[in-house]
Structure formats: structure tokens, C-alpha cells
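Engineer: Residue strings, one per chain:
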Amino acid sequence: MTSVSTRRFKALPVLIWGYITWSLVPVIIAVIYSFNDGRSRTVWKGFSFRWWFGDAYASVFHDDSMRNAIVNSLVLAVTTMLIVTPLGLALAIGAHRMRGRSASAVKGMTSIPLITPEIVVGAALLLTFTRLFSGIPLGYPAQLLGNVTFSISAVVVIVRARLVSIGSSFEEAARDLGASRLQALRYVLMPMLWPSVMASFAVVFATVIDDFVITSFLSAGVGSETVPLRIYSSIRGGATPALNALATLLVLITFAALTIGVFGLSIWRKRHGEQGGFKAALSDLTRMGE
Amino acid sequence: MNKAARLWAALAAPGAFWLLFFFAVPFYAVACVAFGSIDPIFRDAIPQWNPLNWSFGEFNAVFSSVTSGPLRGVFIRTIVYVVSAMIISFAIGFPVAYYLARHAGKRRMLLLLLIIAPFWVNYLMRMLAWVNLLSPSGLFSRFANIFGVQYNWLDGSPITVILGLVYGYVPFLILPLYATLERLDWRLVEAARDLGATSRQAFRVVTVPMSKAGVAAAAILIALPMFGDYYTNDLLSRSPSTEMLGNQIDYYINNSSQPQRGAVLVIMLSTLLLVALSWYLRSTSRVGKERVR
Chain A
1146 MTSVSTRRFK ALPVLIWGYI TWSLVPVIIA VIYSFNDGRS RTVWKGFSFR WWFGDAYASV
1206 FHDDSMRNAI VNSLVLAVTT MLIVTPLGLA LAIGAHRMRG RSASAVKGMT SIPLITPEIV
1266 VGAALLLTFT RLFSGIPLGY PAQLLGNVTF SISAVVVIVR ARLVSIGSSF EEAARDLGAS
1326 RLQALRYVLM PMLWPSVMAS FAVVFATVID DFVITSFLSA GVGSETVPLR IYSSIRGGAT
1386 PALNALATLL VLITFAALTI GVFGLSIWRK RHGEQGGFKA ALSDLTRMGE
Chain B
6 MNKAARLWAA LAAPGAFWLL FFFAVPFYAV ACVAFGSIDP IFRDAIPQWN PLNWSFGEFN
66 AVFSSVTSGP LRGVFIRTIV YVVSAMIISF AIGFPVAYYL ARHAGKRRML LLLLIIAPFW
126 VNYLMRMLAW VNLLSPSGLF SRFANIFGVQ YNWLDGSPIT VILGLVYGYV PFLILPLYAT
186 LERLDWRLVE AARDLGATSR QAFRVVTVPM SKAGVAAAAI LIALPMFGDY YTNDLLSRSP
246 STEMLGNQID YYINNSSQPQ RGAVLVIMLS TLLLVALSWY LRSTSRVGKE RVR
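If you read the protein sequences in the order shown, they are chains A and B. If you're matching positions, the first sequence starts at 1146 in the working numbering and goes up one per residue. If you're matching positions, the second sequence starts at 6 in the working numbering and goes up one per residue.
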């Protein structure tokens, strides 16, 4: 009996390290090949920064279409993040406190986007923007509206989790001490909601900069091409290692945003004497608490 | 409505109206295009905004193509690919999440970070990585050649597409599974073992029922996007022989002059997913009832 269980627990670590290798090594190889001196993404010809900035025309930092894609991606991610966070924050607070039939309607409507495949949202928005709200041109405006729509629910989920853990006693105490409802909201609840605002910023930024489907359905050609779209359109062609470098840059940007988020959150928690620290911050960002 | 209720409604209003305009209305627009008509000269779809005048001609045509025409293969293939990818994902994901939740010990934080990492590595970067490895001159193909395997991985290979889906979605399965398993009350399993259950019996009688709802939720979480996936297929195969429902939608909505057919397919995909979801909701509510009892 014991021998069976020990054997099983020896197989599991092998499996988990096997999984980690399988999930990360291909990506690491792709990162390494971005430093290839040759033109090929598969045949190694020695180390160089040629495709990062060495080549005066075709490297990531010199190729116009790649630079445009990076700028488009950053602009889209930052603006979406700035619009959707307050929108979702207010929606989460309101929906959390509302009662009755309108409350369940609002709650239902915020949870449906979470379970709708992106292709459905992308296709629906494309048909809407070309046939119903035709005042909204495809390209950046449509991409912005689409990404905000798809991210609201994520913000609501993050803020709602925080609202549940805060409870209502702090606000009630403030009300008992003479604060108005708005004052209690502004001076008591809002400061406590900061971690969820930070988490929303990081999560929305990372999701939008990585988004492919909605951004692609609502794009209007090269002018509104983001980094994922640029990668998609050249993966199967004879693109140079500059494509690997571009993809690596995207991964670095995403990781930088999330690292800032995680450390921001754990510093906030420590300063305000909250339990959990690094691990709680991490779970805020991966939405493991759902 | 009292003052407080008005404040909460006012807070929720902007977001709620946003979702109404850009989420609910677009669904209606899809139906209006699907059940609308086609311009006889330009062949473009004309939406019919009045539900009383909806025509179901195109819907019936697509439906009969699904039951006994060319689309039948696409539907069956989509279901077969997604189900196989789900089975493989669980075979990989469950043990990993289980180990992480129960036996990782001191290394848990490191392992957790390494397992979260692919979750945030861009999907296209991960596909690019495999396209590079699997292309004829790629490292994996060269490695396979040593063993005499000559196979064109990137040209209509169902194995590549299914494994590509697994590779793409397994991180999204492991995290919710881990969250579920970590929160379980493992003392109950120990109690079962103390009362004489073998570890296998304890797993079957205690662990499985306890984790059922979370596992079903995780399954839904990856099944839904997989059903709508078209880019994995596009990048790893690009062949009509592996086309899935998502590819058809992408083609009709984006690249053809028949958006009406695309709209019908969107409605069919949503219906298919709604069926899967209601099954999930029924099974979780049953779990809830069992727990109450």
C-alpha cells in the first residue's frame, strides 16, 4: 500500500517538471532565436542584436510597421485601461448594493461577457459597427470600444471580490459617525478599493495588449495593426527573427505591467497591515479567487 | 426609490448602459443580419430590424447544410477536436494542479510562478514558438528526423491542431483547477483514510464529489473559447481539411461577401454553447442540492 502511494508521488514531480519544460522551453527557444545572426527563425547562425536594432531597416526598432504596431498596442491598452477601470469600478459598487429585479438584470449582463467566446463578441461588434452604429469607424475607435466592452466584466469581478472581503461594517461605522453616503463612499470605501483599481489596471493592460480576436475583427488594415495582429499576419510567411524579437518585446511589456501590479499590490498590503502579501497580490492578478 | 437606491443605480448606470449598447444590442444586430435579406444586386446582407419580418431562409439553408451537407463535417470535426483537446488537457492539467495544491511543499511558490508564466505569455508568441519548432527546418522536425519520422506537421495535421489547442488552453485550465483543489478541506480525505478507505477509494468517494463543481467550471472556462477558436487552426494548419466552426465564422464575416451566413453560424455557435452551459448550470445546482442534503 505504502509503496503504491510513494510511487505515485514520485511520478507527480516528474510530470509537473515535464509540464513546465514543455510549456516554457518552446517560448525560450523563440526568444533565443530573436538573437540569431542569420535570416532564418530556425537555423542558428550565431549571436547578434541584428534583429533587435542592428539592422537599419528590418530590425524591430527600425521597421516602420513594427514600430507602428508597438505604438498602436500601447495606445490601445492604456486608453482601454483608463476608460474601463472607472466604468467597471462604479458598476461593481452599484451592482453590489442594488436590490431587486434591476439588480439581477445588471448582474446577469455583467457576467455574460465572461462566458462569451471572443469570436462571438468580435463578429457581433463588427456587424454592429458596419451596419447599425456606422458613425463609429473601424480601426482604433472600434477597437477601443470593443476592448472596453470585453474588459468591463473582468474589472467588475476583481472589484466585487474586494467589496465582499471589505464588507459593509466600515461604511456603517462612518455613517454612524455622521458621514453622508457619498462621504462614506469617497473617504472610507474608495481608499480601501485601491488594490482592486491597481489590479484592474494591470490585468486590463495585459489582456488588451495581448488581445487578438476582437482587435483583429475591428481593425481597419495596416494603420490599426497591433503587435498580435502583426505577428499573426507574418507567422507563416518567411519573416526574419525580427518577428521573434517583436513577440519577445510584447511578452516583456506584459510581464513588466504585471510585475509592477504585483509589487504595487504587495507594497500596498504591507503598508496597510493586510495579510497575504505577495501570494495574495498574485492571486488578485490571476483571478484565482473566482 | 429611496436616496440610497438612487445612488447605487446611478453608479451602475454608465457601465450597465455601455453593456446594453455594445454587448446586448450587437447580439440583436447579429440576429437581424442572420434573419434579414440579401441585396439582389450587390449580394450584401441587409439587416431586418423588425423581428416580425424576419425570414429564415438562410438559417434553414445553413441548418440543412449542418445536418446533411458540407457543414456537417465541420461541426463534427469541431466537437471531436475540442473534446479530444479537453481530455488531453485534463490528463495533463489535473495531476499538475493536484500536485501543486497538495504536495508542492516549500517549492510551491516557485512552481506556482512557473505555472502562471505561460498564462501571461502572449498566445501568438506561444504559437509562433511552435511554428518555428515544427517547420521543416525547425528544431523539432530535425529532432524527429533523427528517429526517421518524416511528417509535415504544419500542413493540415489534425494532431498538430489538437495539441496546439491543448498547448494554448491548458494554462487556463490549471489555475482554476488549482484554486479549487487548494480550497478543498483535505481533512475529509484524511478522515476517509483513517476510516479504512484506500487512497483510490478516498479519491473517488471524497475528492471527486468535493471538487466536481470547480472542475466543471474550469472545463467550461476552456471549452467555450476552444469552440470559438480559429487562429490556432489558422496558424498551425491553414488547411480546409482541419477547418473548425470558428474558421467558417471568420471566413464568412471577415473575408467573404456573405456576412449573413457568418451571422447564422454565430447564432448556431452561441446556441451550442448555451446548451453546454445549461448542462453545466444544472450539474452544479445538483451538486449544491446534494451538499444541502
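There's no promise every hint is true.
Capping the alpha-carbon separation at 27 Å, the derived lysine-lysine pairs in DSSO-like fashion look like this [what the hints assert, rightly or not]:
hint: 1; chain 1: B; residue 1: Lys217; chain 2: A; residue 2: Lys1155
hint: 2; chain 1: B; residue 1: Lys111; chain 2: A; residue 2: Lys1252
hint: 3; chain 1: A; residue 1: Lys1424; chain 2: B; residue 2: Lys8
hint: 4; chain 1: A; residue 1: Lys1415; chain 2: B; residue 2: Lys111
hint: 5; chain 1: A; residue 1: Lys1155; chain 2: B; residue 2: Lys8
hint: 6; chain 1: B; residue 1: Lys217; chain 2: A; residue 2: Lys1424
hint: 7; chain 1: B; residue 1: Lys8; chain 2: A; residue 2: Lys1252
Think of the hints as simulated: they come from the structure by calculation, not from any bench.
Engineer: Would you check the hint for lysine 1415 of chain A and lysine 111 of chain B, treating anything up to 27 Å between C-alpha atoms as holding?
Structural biologist: Holds: lysine 1415 of chain A and lysine 111 of chain B sit about 22 Å apart, inside 27 Å.
Engineer: Checking one constraint from the list: CA of lysine 1424 of chain A to CA of lysine 8 of chain B, max 27 Å. Satisfied?
Structural biologist: With Cα atoms ~40 Å apart, lysine 1424 of chain A and lysine 8 of chain B exceed 27 Å; violated.
Engineer: With the threshold set at 27 Å, check whether the alpha-carbon distance from lysine 217 of chain B to lysine 1424 of chain A stays at or below it.
Structural biologist: Judged against 27 Å, a Cα distance of about 25 Å means the pair holds.
Engineer: CA of lysine 8 of chain B to CA of lysine 1252 of chain A, is that 27 Å or under?
Structural biologist: The hint holds at about 21 Å.
Engineer: Does lysine 8 of chain B sit within 27 Å of lysine 1155 of chain A, going by the straight-line distance between their CA atoms?
Structural biologist: 62 Å, violated
Engineer: So if I understand the rule, the pair passes when the alpha-carbon distance is 27 Å or less; does lysine 217 of chain B with lysine 1155 of chain A pass?
Structural biologist: Holds, at roughly 26 Å.
Engineer: Lysine 111 of chain B and lysine 1252 of chain A: Cα distance at most 27 Å?
Structural biologist: Answer violated: lysine 111 of chain B to lysine 1252 of chain A is near 40 Å, above 27 Å.
Against the hints set out earlier in the document, violations occur for numbers 2, 3, 5.
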